[in-house]
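A.B. asks: Chains Z and S, in that order, give the protein sequences. According to the UniProt record's numbering, the first sequence is numbered sequentially starting from 1. According to the UniProt record's numbering, the second sequence is numbered sequentially starting from 1.
Keep in mind that the hints are not guaranteed to be accurate.
In silico lysine-lysine, DSS-like type, Cα no more than 25 Å apart, as pairs [claimed, not checked]:
1) S:Lys-302 to Z:Lys-272
2) Z:Lys-272 to S:Lys-347
3) S:Lys-347 to S:Lys-271
4) S:Lys-360 to S:Lys-126
5) S:Lys-126 to Z:Lys-272
6) S:Lys-360 to S:Lys-269
7) S:Lys-129 to S:Lys-112
8) S:Lys-224 to S:Lys-176
9) S:Lys-213 to Z:Lys-272
10) S:Lys-224 to S:Lys-213
11) Z:Lys-272 to S:Lys-210
12) S:Lys-129 to Z:Lys-272
Bear in mind the hints are in silico, worked out from the structure with no lab data behind them.
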Amino acid sequence: MKTDWRERRHRWDIRYAPYAYIAPYFLLFAVFGLFPLLYTAWVSLQDRNLLDGDAATFIGVDNYVQLLTADPYFWNAMGNTLSLWLLTTVPQILFALGIAQLLNRRLRGRTFFRMGVLLPNITSVAAVTIIFAQLFGRDFGLINWGLELFGAGRIDWQAGTGSSHTAIAAMVVWRWTGYHALIFLASMQAIPTSVYEAARLDGASAWQQFWRITVPMLRPQIIFSTVIATAGNMRLLAEPLLFNPGAGAATGGSDRQFQTAALYLYEQGFSKFDFGYASAIAWLLVIATVLITGLSYLAARRIRTD
Amino acid sequence: MKRTPTLVGAGLLAAALVATACSGGASDGKTRITIGLFGNFGYQQLFEEYEKAHPDVDITDRTASYSDHHKNLAAHLATNNGAADIEAVDVGYINQFKANPGQFVELKSDVKDRWLDWKWEGSLSKDGKQIGYGTDIGGLAICYRRDLFEAAGLPSDRDQVSALWPTWEQFMATGKQFAAKAPAGAKFFDGGPTVLNAIVGQAPTGYYDKSDKIVVGDNAEIRKGWNLVAQGVADGLSAGLLHSTPQWNTGFKQGQFATLACPAWMMAKIKDQAPDTAGKWDLAAVPGGGGNWGGSYLTVPKQGKNVDKAVALAAWLTDPEQQAKVFASAGLLPSAPKLYSEESVAKKQDPFFNNAPVGKVFTDAARALKPQYQGPKAGDVQTELGNAMQRVEQGKQSPDESWNQFVGDVKRLED
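Using the sequences plus the hints, can you model the full thing?
C.D. replies: See below:
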């Protein structure tokens with residue numbers, strides 16, 4: 001009888017213990033993820049000052065209507081976010097593929113280089129941004145110095161739309177390429193060498209092997225990286241915020257030329273103290289993230305696997 | 001082997017995760033008072049002095065940039081968590097905070113006589129609650145580089161320099177003279193927004209009227225100043241640097257500009273940013289006379305744990321005696337008028353600025369100062385105006401286009 005009880009407990013344990021193990025994540029997610037998300041949805045339906053929650057009034061979807069139909073700065077911020085999405089995600093994945101391919105060779109001090117590519121990622125984003133802002137400085141920046149050396153003119157990186165986006169994209173790409181490269185490298189090593197040997201026998205060049213074998217075999221990882229990069233890009237805040245830190249940092253440049261959607265949210269919430277409006281932006285951003293992640297998933301899935 | 005029930009283990013793990021998230025810090029028996037500041041308040045020595053006199057108190061300060069500091073404070077007040085025991089608030093933000101006086105400890109008015117009337121009223125809420133003790137006021141002067149003036153063939157003596165520009169028009173005319181013979185890479189002023197701020201600070205009415213309506217779009221005086229600065233920018237007098245950015249800081253070290261609109265607190269900034277330029281600077285009168293830009297208050301958020309001791313410290317730090325020390329060490333202009341006639345203040349000279357009589361210049365400025373009403377979102381309006389001038393400087397828009405966009409932008413602040 002005793003063994004019977006033990007047996008039952010054992011089965012019960014095997015069956016339900018996994019749920020208990022994953023429970024902490026979901027508990028924490030419910031507290032720190034789901035609750036804020038739902039609370040934000042509630043706040044987004046109010047006219048609410050950040051400092052004076054008691055005086056909030058329920059106004060339904062007014063904030064959303066205002067944002068979508070009468071707020072050119074919101075659309076400007078969304079446009080900047082999309083532009084930065086294109087400028088960061090595509091180079092990130094391409095560079096990461098190339099670096100992973102190089103790291104996959106027999107190199108002296110392989111581990112050193114492999115860990116090295118992750119270094120930018122563990123560096124503080126604030127430090128990275130401040131250094132890059134110096135590099136892209138108008139008067140004494142290293143990059144303008146180089147441009148001048150080659151006879152090209154100086155660029156006021158922060159003033160222009162294209163130039164500021166390029167500079168911010170450079171920070172993001174520099175920081176995240178190594179991370180994706182390591183993921184690609186891990187799965188490259190799982191591709192059986194026999195496939196390459198067969199291809200070589202058929203006379204495939206290294207270039208052909210890369211595009212016809214390696215890339216299609218990495219499809220799941222490329223999809224994963226695209227999704228991660230997209231989601232991260234939709235939250236882009238620190239880089240544009242610190243790119244030109246002065247009194248007007250939250251506006252993302254004199255004409256909001258590099259104000260991302262997350263930065264616009266920050267401006268509305270913490271400069272104008274318009275908590276309800278900022279919450280509505282947060283929710284529109286959630287929806288946009290889901291949409292764009294879905295699109296990039298579909299795009300990445302089109303990599304052929306034949 | 002005994003099989004440990006894994007379920008219990010997982011449950012404990014979850015409990016431990018939640019528990020570690022809310023453990024507090026220990027203390028050493030002293031009362032720790034935190035103070036949130038931005039920029040240089042010149043308080044370091046005062047903290048040590050206070051700690052010596054009050055062995056049970058330990059003061060910890062944290063300094064952030066101007067906009068980070070105020071945004072963090074707003075977030076801490078909104079979540080009722082994380083604010084320092086004492087929080088400094090600049091005039092650009094005080095109106096937004098005093099609109100919700102319930103977040104702050106109401107300070108007693110028994111020491112009201114310390115301050116200039118308008119300084120006291122600046123942090124008084126509509127229903128008569130005092131939320132902040134005044135620290136410094138801005139005052140205005142022009143800091144200029146003697147060496148660059150000499151190189152451009154202009155007089156470098158401060159009285160002669162002051163005589164060059166009784167008005168802003170003459171200031172710009174001097175700028176053209178400077179530009180004609182200036183050393184390579186040196187412009188006349190740092191950036192349009194800084195000059196414009198000084199001009200705005202002199203107008204009887206600034207961004208708001210007294211009923212909290214934004215009137216800057218129809219303010220003829222500010223529009224006149226706008227045109228003047230925009231013309232100066234078009235004449236190539238501006239280095240195109242936005243104040244308080246890293247590029248601006250580099251500009252000091254590289255001598256990119258010869259003049260700078262200087263409220264008293266700006267001098268501490270110059271010393272912090274470019275200690276190597278000591279002696280090259282000097283101080284002249286501001287065109288147009290008088291004017292104010294900036295100045296701060298110390299507030300005590302209600303959420304603090306040591307409210308009484310924090311109030312005591314805030315009162316001590318803003319006592320005229322301490323304000324005089326801050327003026328001596330960091331040059332911040334006191335808001336306590338009784339100091340203006342005291343010798344230690346009125347006679348003060350500053351070796352960094354070629355022994356300029358900073359005491360006389362700024363106490364004169366403080367006496368000539370006519371307070372300007374600051375509305376609820378004065379800080380945001382100032383940002384928009386700075387952005388607008390920067391658009392002109394960056395060649396993105398014509399002065400008229402940029403002004404029109406500015407008027408639209410500030411209208412959005414009201415609704």
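A.B. asks: Okay, which hints does this one fail, numbers in order?
C.D. replies: 2, 4
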